[in-house]
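Asker: Just so you know, the protein sequences line up as chains A and B, in that order. The first sequence maps to residues 1 to 129 in this note's numbering. The second sequence maps to residues 1 to 269 in this note's numbering.
Keep in mind the hints are simulated off the structure, nothing from the lab. Check the hints yourself; a few may be wrong.
Unchecked claim - Computed Cβ-Cβ distance ranges for the label pairs, DEER-style: (1) Asp-84/A - Arg-104/B: 41 to 49 Å; (2) Glu-81/A - Leu-231/B: 42 to 50 Å; (3) Glu-117/A - Arg-104/B: 17 to 25 Å; (4) Ala-96/A - Arg-5/B: 44 to 52 Å; (5) Glu-185/B - Glu-120/A: 14 to 22 Å; (6) Glu-117/A - Gly-223/B: 13 to 21 Å.
Backbone N, C-alpha and C fix where the C-beta goes; we use that ideal spot for every residue, glycine too.
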Amino acid sequence: MRPQDLKYTKTHEWVKVEGDTATIGITDFAASHLSDLVYLDLPEVQDSTTAGKCFAEIESVKAVADIYAPVTGEVVAINAEAPDDLEKISRDPFGAGWLVKIKLAKTEELRDLLTVEQYEKFVEQESKK
Amino acid sequence: MNDARARWRLLRTGACAPAWNLAVDEALLMLAAPGGAPTLRLYGWSPHGLSLGRFQDAATIPREFRPTEPWTLVRRPTGGGAIHHANELTYSVVISSDHALTPRTPMEGYARFHAPLVRALASLGASTRERGEEGAPPLPRPRTFFCFGQSASSDLVTEDGLKILGSAQRRTRRGFLQHGSLPLEGTAGAQRGATSVADACDRIVAFADAEAAIIEAFRAEFGIDFVELALTDAEVQLTRERIRDRYGNDDWTMGGFRSRTAARRTIES
C-alpha cells in the first residue's frame, strides 16, 4: 500500500512535503526492479537540485540507474545511513529508506507531481509493457 | 528485403582509445530519443585500457596493475568491477526507454542481450550459457577488483564454467545502455576463472569474424535488419565533451563520486 499523502514522479521517486521542505526517496516499484542494491551516491548537504535533473545514482547487479530530483531547491539533509545499509531502501522505501531532504525553491513545481492514484495507474501501464 | 523487419543501427567503430570508447557509449545513451532505433555498437581498444566500474575506488587497483604499462585508466558509466581491455571485442546496445525491447529490470536486460551473444559464440564453436543462479556463487563482499575475477548469475560461461563474457548497464530516463567484454585471446589481466574465445574455440578468431558472428546473431535473435551508419556530428561533439568532462578527466577517473558518502562506502567495502 503506497502512502496516500505523498506525491510521485514518473521516474519513480516520491516526495513528502512538510512546510518548505520535501523529503525524497525512491518508490517500492523502483526498489523492487533494481533488486540487489550495491552502492548509493547521494549529493552533499547544501548542494542544489533542479527538478528533472539527476541528483543521485544507485547501483545494483552491475547496473547503475539515475535518480531524478522531483523539485528544485537546496539539499538540507541526507540519509547518511542509507549508503551503508541499502537494505533500508529495499525494506522500507517510504520510511527509513528516504534519501534526501530538500528546501523547496519553487513550490509551484509540486503541482506537476502525481497523486498516488495517478502514480498507481502509471505503474500499472508500465507493468503491462 | 522484408520491409516489416525492424531496423537497428549498426556502429562499427573499430579499435579506439579507452576514453573515446566510453564517451561514445555515454553519448549514445544521452542522445537516445523516443521512437529512435536501437543501436548495436562493436568496438576494440587501442591502446589497451583498464576500466573501473562506476563506483570502484581507484585506490584499490592492485599494485601489479598500476605500473608502467601503456594502459589508459578510465572509469565506466556502468557498474561492476574493473576490466582490463586488451584483445577483446566489446559490444554495446543502446535503446530508448520507450522501446518495446527496453528491459524492465537489470536481469531481464542481461538475459535479452546475452541471448544473441550465446548464439554468436555457438556459431564460432563455443558452447556457452548464462551461469544462472544455481551455479552462481554469491558476489563476494567486498567484491573482487576485477569483473572477470568473479561471476554473476547473468555472466556467460563455457561448459567448464569459465566466464567468457560479462556485461554492465546504465539506465537513465532517456534510455538504456548495456555493454560487455568478450576477450578474444588470453584472459586479460590474469583474471582467474575466466577464458577467451580463442581458448573456448581452440582457435584464434579474428576481430572481424567475431564481429560478423555477433551481427548475424542479433539479426536472427530479434528478426531485425541493420543499417550501418557513422556517428552523427552531434554524437561526435558530445563524445568530445564527455572526454573533457569525464572520461579523459582525472577528477572523474580517480574519484567520480558525487559525494564523500559514496566514496567512504567504497573504500570501506
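Asker: Each hint should be assessed against the structure and marked as holding or not.
Answerer: Right, here's what the structure says about each hint:
no., hint, in the structure
1, Asp-84/A - Arg-104/B: 41 to 49 Å, "28 Å, violated"
2, Glu-81/A - Leu-231/B: 42 to 50 Å, "43 Å, holds"
3, Glu-117/A - Arg-104/B: 17 to 25 Å, "22 Å, holds"
4, Ala-96/A - Arg-5/B: 44 to 52 Å, "49 Å, holds"
5, Glu-185/B - Glu-120/A: 14 to 22 Å, "52 Å, violated"
6, Glu-117/A - Gly-223/B: 13 to 21 Å, "39 Å, violated"
The structure does not agree with the numbered hints 1, 5 and 6 stated previously, though it agrees with the rest.
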